[in-house]
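Chemist: Sequence lines, in order, name chains G and Z. Number 489 in the numbering used here belongs to position 489 of the first sequence; there are no gaps in the numbering. Number 202 in the numbering used here belongs to position 202 of the second sequence; there are no gaps in the numbering.
Don't read these hints as lab results, they were simulated from the structure. Take the hints with a grain of salt, since some may be wrong.
Label pairs and their computed distance ranges (CB to CB) [claimed, not checked]: (1) G:Thr154 to Z:His87: 18 to 28 Å; (2) Z:His169 to G:Gln417: 48 to 58 Å; (3) G:Arg274 to Z:Gln188: 45 to 55 Å; (4) Z:Gly191 to G:Ala244: 34 to 44 Å; (5) Z:Pro21 to G:Thr12: 56 to 66 Å; (6) Z:Gly167 to G:Arg274: 38 to 48 Å; (7) Z:Asp13 to G:Lys189: 32 to 42 Å; (8) G:Glu301 to Z:Asp16: 35 to 45 Å.
Positions of the beta carbon are idealized from the N, C-alpha and C atoms, including for glycine.
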Amino acid sequence: MTPDELLEIAETERESQKRFTHRVNVCLAAGCVSCQSQAVKDALDSDIARRGWGDHCQAKGVGCMGLCSEGPLVSTGVLTGNDRLYKRVAAADAAEILDSIDGAPVSRLRCPTDVPFFQRQKKIVLENSGVIDPERIEDYIAAEGYQALIQALTEMTPREVVEQVMASGLRGRGGAGYPTGLKWSTVAKSFGVQKFVICNADEGDPGAFMDRSVLESDPHRVLEGMLIAAYAVGSSDGYIYVRAEYPLAIKRLRAAIRQAERAGLLGANICGTRFSFKIDLRLGAGAFVCGEETALIASVEGKRGTPRARPPYPAMEGLQGQPTLINNVETFANIAPIIRKGGEWYAQVGTEKSKGTKVFALAGRVQNTGLVEVPMGITLREMVFEIGGGIPDGRKFKAVQTGGPSGGCLPEEVLDQPVDYESLARLGSIMGSGGMIVIDESSCMVDVAKYFMDFCMTESCGKCTPCRVGTYQMHRILSSITEMTATPQDLAMLEEFCDLLKHTSLCGLGQSAPNPVVSTLKSFAAEYKSHIEDHTCPAGVCGKQPGGART
Amino acid sequence: MTPSTGVKTLKIDGRDFSARPDETILDVARENKIFIPRMCELNGLSTVGACRLCLVEVKGSNKLLPSCVTHVEEGMEVTTTSERLTHYRRMIVELLFSERNHVCSVCVSNGHCELQNLAQKLGITHVRFPYRNPKVEVDASHERFVIDHNRCILCTRCVRVCDEIEGAHTWDIMGRGVDAKVITDLNQPWGSSATCTGCGKCVHVCPTGALFEKGRSVAEMEKRRSFLPYLTLMREEHE
Chain G
1 MTPDELLEIA ETERESQKRF THRVNVCLAA GCVSCQSQAV KDALDSDIAR RGWGDHCQAK
61 GVGCMGLCSE GPLVSTGVLT GNDRLYKRVA AADAAEILDS IDGAPVSRLR CPTDVPFFQR
121 QKKIVLENSG VIDPERIEDY IAAEGYQALI QALTEMTPRE VVEQVMASGL RGRGGAGYPT
181 GLKWSTVAKS FGVQKFVICN ADEGDPGAFM DRSVLESDPH RVLEGMLIAA YAVGSSDGYI
241 YVRAEYPLAI KRLRAAIRQA ERAGLLGANI CGTRFSFKID LRLGAGAFVC GEETALIASV
301 EGKRGTPRAR PPYPAMEGLQ GQPTLINNVE TFANIAPIIR KGGEWYAQVG TEKSKGTKVF
361 ALAGRVQNTG LVEVPMGITL REMVFEIGGG IPDGRKFKAV QTGGPSGGCL PEEVLDQPVD
421 YESLARLGSI MGSGGMIVID ESSCMVDVAK YFMDFCMTES CGKCTPCRVG TYQMHRILSS
481 ITEMTATPQD LAMLEEFCDL LKHTSLCGLG QSAPNPVVST LKSFAAEYKS HIEDHTCPAG
541 VCGKQPGGAR T
Chain Z
1 MTPSTGVKTL KIDGRDFSAR PDETILDVAR ENKIFIPRMC ELNGLSTVGA CRLCLVEVKG
61 SNKLLPSCVT HVEEGMEVTT TSERLTHYRR MIVELLFSER NHVCSVCVSN GHCELQNLAQ
121 KLGITHVRFP YRNPKVEVDA SHERFVIDHN RCILCTRCVR VCDEIEGAHT WDIMGRGVDA
181 KVITDLNQPW GSSATCTGCG KCVHVCPTGA LFEKGRSVAE MEKRRSFLPY LTLMREEHE
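If we strip away everything but chain G, and leave its shape as in the complex, we get (with noise of 0.2 Å):
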C-alpha cells in the first residue's frame, strides 16, 4: 500500500460513515460481553432492520468504554454531539434506545459523563477504544491509523523516530519504567544476523486488565507501533506473546495481523519502501512468570518458561540469542501518537520524570471499577475518591495496591502523593503495569499480603532456592499469623526472608515478592501484632475459617 491509497482508503471508509447520521455504539470487549452486550447489539441489529433504518443509522460494535462495572454499556449521539452513555443495558432496551434517538434520554438507564471518572481521564492510549470497530481496519485507518507509520517510513530515518521516542521520555509501561527510547537506541546499535521485536503481552497481575482491553479494543494500534520499532532497531521479525487466557483478545489480534498483511502493512516490502516486518502470536500457557522478559524468550523459543540471569540483557542477546526488543502492549500503544505528534507533544503531559499518561485498572472496593487513562503525576486520592468515586457501602478506605505481587500496599497516610514511577517507588510500592486494587477496612492486611504471597509461592518457577522455598516459608508464616498461631519470632523470619528474596532471587518475581508484605508491614504493623500478641483481627477476617478467608 502507498500513502495515497492509504489516504484514500480512509477517505472513502469516512464517506461510507458520513451516510449514517445515528450510531449505536455497543462495548464488545470482554468485561461487557461477559454480562451479554453481544444480544444487545444483535437487538439493535435487527430493531434497526425492522424499522428500515439500515442507510442512516448502524449498531456498532467498539472497544472498552472504560466504566466496566456499569456494562454493558452503550452509547449514542456521538456523531451529532448529544452524546449520552447508557449503562446496563439489556437486549430489551433496545427498541426504546432507538426510539429516544433524537429525543430525550432513556432516563433510567442513563450513566452521567459529567463526573471525574470521565472528565479527569485523558486519552492518548485509549483514543480510539470505545470509538472505533476493533475488528475493521478501515475504521482505524479512518481514525489516523498507520498514518504514523507511513510517516516514518517515508520521511524519518530509523535514527529520528529513536530520538522522538527519546524526546517523549516514555517509560516501559510493563513497571519496570524503563525509558523506552533508550532500550530502543541500544538494540538499535547492537549487532545481530538478525533482530527481534517482541511485544510483551502476558499481563498476570490479579486484578490487571489494561493490555487485555487495548489489544480488544484497538489491536491495530499496537501492530503499528510495533511496525515502528522495527522500522527503528532494524527487525524483520515480531511475536505478541498472549496469554490463551485471553482468547478475544487473540481473535481479534489474529484479524487484525491477517487485515494489515492484506492490506500490505505487514509483510514484505511495506509501503513500496525496503521494509519488511511479519509478526506471529505466541501463547502462553498460563505461567505468570513468562511475563519476565528472560522467561518469555525462553516460552517464544519453545523452551520451559524460566528466567536467566542479566546481564546479558535481550537488547544485546535475547531471541535465538540476538538482539531483542521487548515491550509491553501499553508501550508499544503510545508510539504511533508520539510519531504523529511529536516526541515533545508527549512530554507536555505528566511529571518531570514520568511522562506522558498511564492506563490503569481500578478493581476492588470502589464504586467505579474498570479501565481509565491518566495524565501521570495525579494523586492517590483523586484516584480513588474522585475518578474510582470513594468506597461503596460507606465503609472506610485502608489502602491501595499498586503493581500487583511485586507492588505494595498505601495507607491512607499518602494518599496525596502523585502517581508516578518514582514516587511510588519511593512509597515502597511500584507502578506495575497498572493494576489498582483499592481495599476497605473489611479486608485484613496480613490476609492481603498472604493472598500475594500465595500467588508468588504457586507461580514461581522453582529455578532458583530463594523464591521457590523462600515463598512457601513467608507463606507458610503468614498463615500460621492468620490462625492466630504465630509467635513474635515467627515475625522477625518473616523480616529476615524478606531480605533475603528481595537480594538474592534470580528475577524481579522473587526479588519483588516480599513487596506486599514489607510495605503491610511499614504501614499495617499494628495488624501483625494484634494478630500475634491478642490473637485477633481487627477486620474480622483470620481465624473464622481454617487459612482465613480469602480476599
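Guided by the hints, dock chain Z onto chain G, whose structure is given.
Modeler: Quick look at chain Z alone, frame taken from chain G:
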C-alpha cells in the same frame, strides 16, 4: 573459545588477578583456590545461576551478583565472603534442607554429600525453620540406579550432564515452584526410559544422595570424583 583479547585484571578479596574476558568470577576464583560455595554449578557443565549460593559483592554494584554467570570486568573489586553473604548462604542452605526430607543419618551419601559438607563449612548446626516434609517418591525402577526425590535439591546438574555431555536428554524438570521435580522422559519410570543410556553420569554429578547406585547402604554412596576432570575435558573438546 575465542583467543584472549584484552586480558582483564581484577581484585578478589583484595588480591589482584588477571583473567580472560570470557571467564566468570567463579572461574578466576577456582583457578586461584578461592572457595565460593555453590550447588548448581559444576565445572564442565553450563551455568544457570540458580542456587544463589555463589552470590558475591562487587564494588559499585548495589546488587549481589552470581559469580558463576558474571563475567569479569576490568578493575572489578569482588568480595567473596562477608558477614552478609554468609548470612544469606546459611539461609539458602537451610531452605534447601527444609524443602524436602534431608535426613543425613540414614542417607546413602552421609559423609560424602556436598550439601552436608557445605552446611558444616558454613557452621550450620540446625535448621531454624520447620521442614516442609513433602510426600515424594523414590523411583527404583532402573536396573542399576535409584532416584530418591527426598534428597533432591533441584540443582539440575543431572539434567544438564545428560543433555550436554551424554547427549541423551533423559532428564528434565516438570512442575513449578516447590512442586518442581526432575523427571525421566515424560515423567515415566526411569526403568522404562527409552532414552536413558545407563551411563551413570547423572548419578556422579549429583551433589546429594538423590541419585545413587543400587546396592549402596547408608553412607556408602561415594560419588566418583575422578569423573569430574573427565567432564571438564569433554567440555573443552566440545567447544
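Chemist: Does each hint hold? Answer for all of them.
Modeler: Hints versus structure:
Between Thr154 of chain G and His87 of chain Z the beta carbons are some 60 Å apart, a value that contradicts the proposed interval 18 to 28 Å. In this structure the supplied range 48 to 58 Å holds for His169 of chain Z paired with Gln417 of chain G, their Cβ-Cβ distance being about 52 Å. Separated by about 51 Å at the C-beta atoms, Arg274 of chain G and Gln188 of chain Z satisfy the suggested range of 45 to 55 Å. Hint check: Gly191 of chain Z to Ala244 of chain G, Cβ distance near 35 Å, so the stated range 34 to 44 Å holds.
Between Pro21 of chain Z and Thr12 of chain G the beta carbons are some 59 Å apart, a value that agrees with the proposed interval 56 to 66 Å. Between Gly167 of chain Z and Arg274 of chain G the Cβ separation comes to about 43 Å, which falls inside the hinted range of 38 to 48 Å. Separation of Asp13 of chain Z from Lys189 of chain G is about 36 Å and conforms to the stated range, judged on CB atoms against 32 to 42 Å. In this structure the supplied range 35 to 45 Å holds for Glu301 of chain G paired with Asp16 of chain Z, their Cβ-Cβ distance being about 40 Å.
The structure fails hint 1 only (numbered hints given earlier).
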